[in-house]
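Number of protein chains: 2
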Amino acid sequence: MSLETTKQRQLAAPAAARAFTAAHGVLDGAWVDAPYLEVDAAGTIVRAQTGLPSAPDRDRAPIPVHDLGRAVLLPGLINAHSHAFQRSIRGATHRAAAGDPSTFWSWRQAMYSAAQRLGPDGLYAVTRACFSEMLRAGITCVGEFHYLHHRPDGGLYDDPNELSNQIIRAADDVGLRLVLLEVFYQRAGDRRPPLPEQRRFCDPSLDVYLARVDALRARGVDVGVAPHSVRAVARPQLEQLADYAARAGLVMHAHVSEQPLENHECAAEHGGLTPTQVFAASGCLDRPRSFSAVHAIHVDAADLALLAAQHVCACPTTEADLGDGIVPAADHLTRGARIALGSDSNAIIDLFQEARLLEMNERLRSGRRLCLSAAERPLSLTLLDAATVAGASALGRADLGKLAVGAPFDAITLDRDHPTLADVASEHLLDAIMLAGSAAPVDRVYVAGHRRR
Amino acid sequence: MSLETTKQRQLAAPAAARAFTAAHGVLDGAWVDAPYLEVDAAGTIVRAQTGLPSAPDRDRAPIPVHDLGRAVLLPGLINAHSHAFQRSIRGATHRAAAGDPSTFWSWRQAMYSAAQRLGPDGLYAVTRACFSEMLRAGITCVGEFHYLHHRPDGGLYDDPNELSNQIIRAADDVGLRLVLLEVFYQRAGDRRPPLPEQRRFCDPSLDVYLARVDALRARGVDVGVAPHSVRAVARPQLEQLADYAARAGLVMHAHVSEQPLENHECAAEHGGLTPTQVFAASGCLDRPRSFSAVHAIHVDAADLALLAAQHVCACPTTEADLGDGIVPAADHLTRGARIALGSDSNAIIDLFQEARLLEMNERLRSGRRLCLSAAERPLSLTLLDAATVAGASALGRADLGKLAVGAPFDAITLDRDHPTLADVASEHLLDAIMLAGSAAPVDRVYVAGHRRR
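If you read the protein sequences in the order shown, they are chains V and H.
In terms of our numbering, the first sequence opens at residue 108 and continues consecutively.
In terms of our numbering, the second sequence opens at residue 108 and continues consecutively.
Isolated chain V (complex conformation) (with noise of 0.2 Å):
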């Protein structure tokens, strides 16, 4: 399969140039009435105002205007942290087995089975469903934290990265834009080998990892490198990859302190360290707003301060799921994190909704309101922006999440005149939207200029 070629035809195929208008949108990180942008033939952003332009201008540059009307045009959306083949488990580990004490462990055991179930081909179709929802819920790209590598039994399939291949073909094929997060994962903890359902995970030695991200990387697909967790990886590979990253200018992403218990054994592993000092300590969080900790919900002061100049990936539809906690948000943002957005499991895939949890999860445990609420920033545009920018920034691609000259055109819009934002006011629309809504009145989704829904 060659990447390049796909990539291409879906998401660069060249068009004519045009322009769009509605009557509200965010542009460049500020709500405005009657946002304008034209759009190259190759899908960027070339001018970005309020108002269309004078008649002398126009008249100048002819090009077709499309006027979304009533809608609301917002940056496409950023998913910081998926794991697509959890899709095929949506509503199926909610019963309780006898005995079961029903925590995160025990999700993980169905979590496990279906991963163990999945082959080339149904690999592809459930990424391709769940990256279809994705993008018809505003969703133009997204992280997948894919760690789903080998055969059931370990072994490599004859080209190593075969399932990497089928993530990438199913974004590809939907339209939507990858970041593929590449996990190395070697063991179940500390001295422990990987269990025989943990074995596909694993590459046989860092180094096979380090040739299949690398093949990846050749072909000219945007990589991440993702220690799975302080659990599945050691010390001295941490550095490793830490190392690699650095000189490859790659991000890296992990989970860091979903759950108490991966505190107690990191604790008790590495001389009473964090899971985030362990990172630190091996030079993962040397680059600033290179590494993203996913969860970073059990963090203490010292986390929270070592966390500061990185990104913070929050899911809290997941979170609340499995049973993981809150995400600190308002103490993350305090300090300086910058705080992206997951749909992680995909038992939900709405980051409208993991945006308004963000605040919401935070009144429920302060009894107050506002939490996220800066004076420099409307807590609106806060949220907005870890649905955008901050998951943006968190995979390396500073040049998504925005409506702004030099940006693709990666754009939704939202109906207006959905029931859930009918007679809203246009003062309280962006309000109404991340502090009340939901994917549900997404419309239009523009990839690179192309409408994908």
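Each hint should be verified, as a subset may be incorrect.
As the list claims (entries may be wrong) - Here are some, though not all, of the chain V residues that point toward chain H, as calculated from beta-carbon distances under 8 Å:
| id | residue |
| --- | --- |
| 1 | Ala168 |
| 2 | Arg197 |
| 3 | Arg243 |
| 4 | Asp297 |
| 5 | Met467 |
| 6 | Arg470 |
| 7 | Arg475 |
| 8 | Ser487 |
| 9 | Ser533 |
| 10 | Leu542 |
No wet-lab data here; the hints were simulated from the structure.
A virtual CB, placed ideally from N, CA and C, is assigned to each residue, including glycine.
Take the given structure of chain V and dock chain H to it, following the hints.
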């Protein structure tokens, strides 16, 4: 306005007998394949079974069968707690004023401002829009907790039930069943007269209130008695309201322990009693299953015991929005209380989401999963009960909330091909609907056999 006349026109217009069948559904509280329901000309279910009748049966009494195909057929949802007019401030309460501590109490000021602005026509318009959105979200009956009674200065309209009539008219025009929970409100708090913004909530006396309720009952309006809260109603009046409700056989609803301050003020006024204890001491809890404690968040063990034979009405999205806290749903259910659901502030109208959050917020609190699961009933059915039969019971309408012989055909269908439900195996469908779903897949909505959406 003659309610009976319009009610008959809208909810009980004669129609031909017919039958409905679908791929899956919940019949009389149980998940089944191929539900089959016969509905008479009055809209009442006269036969309920799985699978089509045998050929001889069909030939004996041939009636048209509406095959709803792959749809999931569920009872219409019951919204046990709504303030329809608050729909007008959706999205309008998430900006901090200078020095605003941003709590429930500052939110209340914004809500009061909206309440002040509404005349009869305005109240009708916002209520109609709100009820229409409810119907579209699969709600077929609402308990409107109605406290906007009089002119802004507290003076009576020519018809003292003018604003109640607007609520009735809105429900009637939309085709939604209504239980009008007429609120009694008399003060800002212990020895504090109503604030200017609260004057229109207050009847000049309990007698005027009771005369209004009598007049509504005489017209056949389905009403409940609703002392607003222990803050707004003194103990002698609570006792009189309990007497009246008992004699008339009406349900009672009240806000109970939504905010800690409410508990503190109650203890100060009532010699250390909690709000629940004050309602109990006033006779409001004497009749089993006649009282609904709305919220019941900040409750102690004694409160839980007192509410065990009553209803708790949880409103999770509002309770998060306002920083109220998490309803201890597992504690209430374990002791025997029935948990109903409300859309409350109507910032969000989605009882599937409210039901899900009952469970998900417990997971966030406890770090465990399947918190509301009981040996005798699958979790998804417990959550559906909250959105249906428990709400019906809370509203004194035990005939509603179920698809069973003798009940009106108040029913909804969910589109199984909606992206959120596509590819989910039939055996996990109800779990996906209740634990990972939303109102978005709601397709058809029937009230008393009439299609309303």
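Hints versus structure:
This hint is violated: V:Ala168 has a C-beta 38 Å from the nearest C-beta of chain H, more than the 8 Å allowed. Look at V:Arg197: its Cβ gets to within about 5 Å of chain H, closer than 8 Å, so that hint holds up. The criterion of a C-beta within 8 Å of any C-beta in chain H is met by V:Arg243, whose closest approach is roughly 5 Å, and the hint holds. Against a cut-off of 8 Å between C-beta atoms, the interface hint on V:Asp297 is violated, since the closest Cβ of chain H lies about 22 Å away.
For V:Met467, the shortest C-beta to C-beta distance to chain H is roughly 4 Å, which falls under 8 Å, so the interface hint holds. Hint on V:Arg470 holds. Least Cβ distance to chain H is approximately 4 Å, under the 8 Å limit. The beta carbon of V:Arg475 is positioned within 8 Å of a beta carbon in chain H (closest approach about 5 Å), and the interface hint is therefore held. Interface restraint check for V:Ser487: the shortest CB-CB distance to chain H comes to about 7 Å, inside 8 Å, so the restraint holds.
Checking V:Ser533 against chain H by beta carbon gives a least distance of about 10 Å; that is not within 8 Å, so the hint is violated. Hint on V:Leu542 holds. Least Cβ distance to chain H is approximately 5 Å, under the 8 Å limit.
Hints 1, 4, 9 from the earlier list are contradicted by this structure; the remaining hints agree with it.
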